[in-house]
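Student: Okay, here's what each chain looks like letter by letter:
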Amino acid sequence: MAPRARALLIAAPAVLPVALVLTGALVAALLQSLGLLPIIGEPEFSTAAWDADGELLLATGISVYIAAASTVLSVVVGFLIAAYVLTSGVSSRVLAVLSAASVPIPHLVAAGAMGLLLSDAGFLARVFGMPSGFPGLVGGRGWGAAILEFGWKESAFVALVLVGSMARSAGGLCEAAATLGASAKQRMLHVLLPLALPALGVSALVVFVYTLGSYEAPWLLGPVSPEPLPVRAVRLFGSIDLTARPEAMATALASVVVGLAAIGAGLLLLRRVRGWR
Amino acid sequence: MQAYQPVRLRAAGGTGITRPLLGGLLFLWILLPLVPLILWSVAAEWRAPDVLPGAFSTDGLAALLRPEVLTATGASLVLGLSVALPATVLGALAAFAIRRLPNGWARGVEMILLAPLAIPPFALVMGSNVLLLGARVPAFPSVVLVLTVTALPYTVFMFRAALASYDDQFEEVARTLGASSRAVLARVRIPLLARATARAAFLAFLVGWSDYITTLLVGGGQLLTLPLVLGSAASATGNEQLTAALSLAMIVPPLLLLALLAVPGPRRRR
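First to last, the protein sequences are chains A and R. Just so we're aligned, residue 1 is where the first sequence starts under full-length UniProt numbering, counting upward by one. Just so we're aligned, residue 1 is where the second sequence starts under full-length UniProt numbering, counting upward by one.
Keep in mind that the hints were calculated from the coordinates and are not lab data. No residue lacks a Cβ here, since even glycine has one placed at the ideal position from N, Cα and C. Among the hints, a few may not be true.
As the list claims (entries may be wrong) - From the structure, some residues in chain R lie toward chain A, with a derived Cβ separation under 8 Å:
no., residue
1, Val35
2, Val130
3, Ser210
4, Ala234
Looking at chain R on its own, in the form it has when it is part of the complex (with noise of 0.2 Å):
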């Protein structure tokens, strides 16, 4: 996010007590979602009326240790990845690509790749899955294709943000003082972009770690990954203190990622 002064101003008459009011019902409305999730993952018992649970236990965080849940965690860290990767550096290309070329051309290209999100995602899938099994490329590659795609609007996007305000000055100095274009590449370019390189990877890795219906339809069962999991325990009945844990374990690795990315470089230049 971007830095912004934020203003303290009491209008003239203005009423006291609308903006705590106003605050508190934003926080409310943020947070309420999150306690029934956090209480359930913890209850061992917590029967209708009750509005507190009567015993706790940490049998539902203990079910993520089992080994069909810690392999479908890796699964899912793998396509979060093997999506992350190819998206990251076919977009950073890209835009590099797109500010190269003359208006008309960079135009239709920045079209083409950020038209899958204009298709729904299970409309993405269905159509390319008859195609995709009459190629015979097995699940897996399949699921990484077509969420690279998804996942390349995205990357485009941030990199397109960053390179508009990035200087081909440093690349030309830095050639000028004899660095070669491996050098300018090591020492300048990738250091500059890295931020953006972050942000774009993260949300490639979200593409491929919480993705449910490009799994579902194209993996046909052979993939399963821990949204897979979760979305079985969330449409079964009773199922409540799996739901939550599985669900705390989706969101857990992701906030930590991105409290990592909010954390100022330690390579900030003078």
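Chain A with its partners taken away, still in its complex shape (with noise of 0.2 Å):
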């Protein structure tokens, strides 16, 4: 047999389940919401599950702040987790295992933490003595828990992606700047920080794909309406009214629309990042 031919029958286990479930679901999904695949009765063409009362808009719309925003806090945390890491001394390595120990930590369970931490008689209001200004941030408008939660856990993951690739050149380039009277604030804002960028770029493009369709968090430290993508999508889907499956695709497919979206400018964007190739 050809190498070539050999070579695709060893990877086709793997890529034959991917490409059968990823076409499939993507297709079904694409049917339901137009109607011509019902649980029930006859098919008919319709594009109503697609503008229900702007009502997918404005979960979309609420889906891409909390990845912006859990994105934006997760990157700017994971660098200085790993600038800290990077050029200090026995702390920085208690401070590196701590953070790749939380990584494998289900969302699930931070989003379960975070509860406990910071709802209205959480933990944190109970250490600052129940003020009465504390923010509503569990069930609250600004969905400020589940960007935490997010921020949180993906911080650790950018700060493992940024640590592994600058681990090499970071340390004599830091040296080197020091030796040249560079100072701490300058090491990191004119030797890290341009060194990280291209890892930063992609690790920041994963986190928001990751955050936007992201379940969890969302429902558990969301408010109960509006809806972001997911929830909405997984409430529709469980919904008894079979009516509300069109609906529930629609919404599905909105989120792989933006993540496909936010790929191609991420990818667009980080080609003209100097020193990525």
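Hints are included, so try docking the two chains, each in its own frame, into the full complex.
Tutor: Right, here's the structure in full:
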């Protein structure tokens, strides 16, 4: 057998299920969203699910807001963690271990923990003596607790990626800059930040797309209404009213479209960043 | 994580307070969310304005030994392993195949295998649900299939990274010395890729172990795993003790596995 055919055959057990599930899921979702694959009754073409009273647009806006805020928070804190880990002594090693250890914590657990920490009568409010002005982070319209949960989990991920990508070069370059008289702040902004930029861009993109499609935190920590895309889709999907199914699929596909658009825009942008091949 | 050489530097004229302050804030950022979790798991009573629990008890942790929780833990373990096995094996095969393919083909195969990262899991699940129901695939294999597809990008990526620094000459030398292809696999390839395999399997296990949304939507309530029990505890009010105990039960096994992975392998060659 030709080597190419042999290699394709070896890859096939992985490629086929992925290709099948992916195309099957997307095509089935599209057909269902257009009323062409009803659970009961006759198929009837309709775009009603795609323009349901602007609700889909609102959900998209909320999802983009949550994902964007979470991405900014994760990238900023993740960079600070990486900078600290890469340039100081023993405590930095402990921080590196703790941060890496928080990566495998499931989002569901992190969301539950944020609930216990940030709710009106949560741990943080108690530490501050239950002030009347404590912000409504859990269940509030700003999705503060959900964004903090994403930021907490994903900043550890960003830090892991950054430390991995800069570990070899950061030490020597920082040392050289220090010898030339650069302050800690200058080293961070003019040595580490440019060095981190490509990896920072890629991890920001990963975080944005991930948080856009993540259900647990906005579901547990967000307000009942309005809803971001994943919460709306899952609620409609589980609805007893079977006519809600097309809307659920349209909502799911909206998240796919926004995610793909973000990836396209992100890759275009990353190409312009200096040092990115 | 890669090995790195931290350097301690003191900038001329730099303020001495910034670094400890930053370090303290970062430690607080990472550890603070875990504090109420740990306190609640051992609290007997913890009324609103009190900063610390008034009394402690092991009731929350004892709830982990209830039959339904034990069953759910078992189901999560089985699900994690059922995803880890195919995702690791298929990921390794695919990574080897990509290495042998000409550039264009390799890129295409890699694109397909990484594509699930771009699709939100709930969208993947909802779309495939109607097909899986139509094909009368039972709940458990359906969940395993969808989660394996979700886990494959991670395992493929891990093996691709490991193979980037893998030297084919080791296998060639073994063959020249008369080793059968089976011996090459068992004595050369598998030992050289053991760490990458462990990491890939760990990530794939995590996908199954911590999944909530796929089990909820495809399993349709028939498949009760630890995350599902935790989800229903966390979404109801007044369940802080149980939520905290279940959360710890979900965190501890992966952390133990991670610690095992971090220990340097005993079979390091001279």
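Student: Now tell me, hint by hint, if it's right for this structure.
Tutor: Consistency of the hints with the structure:
no., hint, result
1, Val35, "6 Å, holds"
2, Val130, "5 Å, holds"
3, Ser210, "3 Å, holds"
4, Ala234, "4 Å, holds"
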